[in-house]
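Asker: So the protein sequences, as listed, match chains A and B.
Start counting the first sequence at 0; every next residue gets the next number (numbering that gives the first Met the number 0).
Start counting the second sequence at 0; every next residue gets the next number (numbering that gives the first Met the number 0).
Read the hints as simulated data drawn from the structure, not as lab findings.
Just so you know, even glycine gets a beta-carbon here, dropped at the ideal spot from N, CA and C.
The reader is advised that the hints may include incorrect statements.
Here are some, though not all, of the chain B residues that point toward chain A, as calculated from beta-carbon distances under 8 Å [to be verified]:
no., residue
1, 28
2, 88
3, 206
4, 210
5, 224
6, 226
7, 259
8, 263
9, 303
10, 307
11, 310
12, 316
13, 317
14, 319
15, 320
Protein chains: 2
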Amino acid sequence: MEASNPTPVPPIPTIALDDDEITIIDQTLLPTEERRIIITTVEEMREAIQSLRIRGAPAIGIAAVFGLDIAARTSVALSRAELLRELKIASDYLAASRPTAVNLSWALRRVYDRVSAEQTDDVAVLVQAVRREALALLQEDLEICRRIGEHGIDLISGGSVLTHCNAGGLATSGYGTALAPMYVAHERGVPVHVYAGETRPLLQGARLTSWELARAGIDVTVIADNMAATVLSRGDVKAVIVGADRVAANGDVANKIGTLGVAILAKTFGVPFYVAIPLSTIDFDTSIGADIPIEERLDSELTSFNNRPITPVGMDVYNPAFDITPAAYVTAFITEHGVVYPPFAKGLAAFRDA
Amino acid sequence: MEASNPTPVPPIPTIALDDDEITIIDQTLLPTEERRIIITTVEEMREAIQSLRIRGAPAIGIAAVFGLDIAARTSVALSRAELLRELKIASDYLAASRPTAVNLSWALRRVYDRVSAEQTDDVAVLVQAVRREALALLQEDLEICRRIGEHGIDLISGGSVLTHCNAGGLATSGYGTALAPMYVAHERGVPVHVYAGETRPLLQGARLTSWELARAGIDVTVIADNMAATVLSRGDVKAVIVGADRVAANGDVANKIGTLGVAILAKTFGVPFYVAIPLSTIDFDTSIGADIPIEERLDSELTSFNNRPITPVGMDVYNPAFDITPAAYVTAFITEHGVVYPPFAKGLAAFRDA
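Just chain A, with the same shape it has in the complex (with noise of 0.2 Å):
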């Protein structure tokens, strides 16, 4: 497996903390400009999230945490109580602003039980935690990442892999989560290809997960959502590996709109469907998929396109952002601690009680 390519890849800083500045790619420029904007306020924290200038379950949930540092930072709280306060109305803000992904609401809640855990009356301690625990999580996310990585590389090689969305290295702080296995790959010299999805309505596979790939030197083809039939009807295609916004404990996986029909078109070819996570995806309170709640977004993302309208004045569109695939078309879930296939509602939880 270990051969000759010396190129890894730096992950890349999808969000950063330089002293007390975080900062952003904005996701909504690339691929054709590649900016970093500073996030100063809870407000923008929110803003960036909502506006997919950040996006991905995993890194929405760091991003959150950031928005907690910088409201633990620019508070006037005089006491514990007052602080904690604080934390708690920020942090159920940031939660609001996307529904469907879990990992958002689990960072918050990780980052505000330990910083309220802290056993002391001191603010300012108080607010070191916070950065803290943000900082932890990120390191965590890289870690994890490459984990997955690592667990998921047998599962492609020897042919393409097909993906839909971006689950890379800009949906977190590593490697990505369905893009991991490949970055593990080509670091390791092993040929890889990948068909990205386009993802209608916002592209996230032909402007990110192209752009991330093509930047690593991974040879990335880009199709429309609807070729992927004829893709996988050909034979060259290994498998297919997605991510996921929330995976119910039944192994139900809410993951961008499109995830659905793919898994079905996998399954009907013969193609392994997998699904790349960390556990913080998996949300135990949550028994079956028909229990996640699906965020529809706004008409114009279908009814426009560069401000420029590609339908009749008014027209009616249903635009949800998000589908459930049932676990019976997931062959494995790819996760940091390892592969875990059917039964999901047991596998997955023996992890989560590892």
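Using the hints provided, position chain B relative to the given structure of chain A.
Answerer: For chain B alone, kept in the frame of chain A given last:
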């Protein structure tokens, strides 16, 4: 079935002849601009077909024979042999504009054969015959569309219908093929609701199907192609209907890229999948779908939009314009002679021989 809706929908003048002036709606400008362009040379007609100013299998057949009419009218041939040779050259030139739709070569061959069967050496009479046969084809197409609509109406009542691309009035000279049952239903006051897949990359669903159905007062909801699985999973879609560019003798269907995916999803969710075609779309000389040539179009259709890049510069893309849906996924063909259920090889041949 007959109810109280008094608004018959006038067919769209996709292609029109007024004196010797041939005009088409430039479909690349819809829906933002409804502009007719005048076609005065064979070269302009070929360009109009190739660049999709006029598209849809039946419509490009008709457009091509009006190209032949231009060739005949502008010819300075002094003998029957000379004129027929020129018509043959124009015919081959027009037929080569797009490879997949069989109606194109079928219509050209029909007009050429009928003209060359005229027992006269009078060049003016032969030129008149080209015009007569072109007009006959236009008129027949109108009637064929209407009959497809009448044969299809019972298959769509009682729920929504999902369609892909545009096999409507803009793709024919009449009510279209796939959309004809909806137009006939609407005429009769039967409520109809259509989901139109936007159809990347050129958005014939978002731009054209939406435009013509809304123009007729028919309810239409535009979705991204990758939302078809979610829509079909919900149970309110009664039928999928699409057109075709070529049907092999065994019933395999070449149609707009994405059709195969929709067909598989329809089967998965137990929704009937109908293909509405005139008999002229069946290529009895092609035994199976794998033998149908598939047009690949320019990378720029996927790498840019409204002349703005949507992928990194130089990105590799794969852009087939059509896919092949195996006959096994087709519930029935809706033709001008009636509905054909499996076995298709026998049923389709029976209509040919009738």
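Asker: Taking 8 Å as the limit, does the beta-carbon of residue 226 (chain B) come near enough to a beta-carbon in chain A?
Answerer: Holds - the Cβ of residue 226 (chain B) comes within 8 Å of chain A, reaching about 6 Å at its closest.
Asker: For the hint on residue 307 (chain B), just tell me whether its beta-carbon gets within less than 8 Å of chain A.
Answerer: This hint holds: residue 307 (chain B) lies near chain A, its Cβ roughly 6 Å from the closest one there, short of 8 Å.
Asker: Checking hints one by one. Is residue 263 (chain B) an interface residue toward chain A, by the C-beta closer than 8 Å rule?
Answerer: holds (5 Å)
Asker: A closest beta-carbon separation below 8 Å is what the hint needs, so does residue 320 (chain B) meet it against chain A?
Answerer: violated (10 Å)
Asker: Should the interface hint for residue 303 (chain B) be scored as holding, given a Cβ-Cβ cut-off of 8 Å against chain A?
Answerer: violated (10 Å)
Asker: Grab the minimum C-beta distance from residue 310 (chain B) to chain A and call the hint holds if it beats 8 Å, violated otherwise.
Answerer: holds (5 Å)
Asker: Hint validation: residue 88 (chain B) versus chain A, beta carbon distance must be below 8 Å. Holds or violated?
Answerer: Because about 35 Å separates residue 88 (chain B) from the closest Cβ in chain A, which is outside the 8 Å limit, the hint is violated.
Asker: Is the interface hint satisfied for residue 319 (chain B)? The criterion is a beta-carbon contact with chain A at less than 8 Å.
Answerer: Hint on residue 319 (chain B): holds, closest Cβ of chain A at ~6 Å, below 8 Å.
Asker: May I ask you to test the interface hint for residue 316 (chain B) with respect to chain A, counting a Cβ-Cβ separation under 8 Å as satisfied?
Answerer: Check passed: Cβ of residue 316 (chain B) comes within 5 Å of chain A, closer than 8 Å.
Asker: Does residue 210 (chain B) hold up as a contact with chain A if the rule is Cβ-Cβ below 8 Å?
Answerer: holds (5 Å)
Asker: Hint validation: residue 206 (chain B) versus chain A, beta carbon distance must be below 8 Å. Holds or violated?
Answerer: holds (6 Å)
Asker: Min Cβ distance, residue 224 (chain B) to chain A: is it shorter than 8 Å?
Answerer: Given a least distance of 4 Å, the restraint on residue 224 (chain B) holds.
In summary, the numbered hints that this structure violates are 1, 2, 9, 15.
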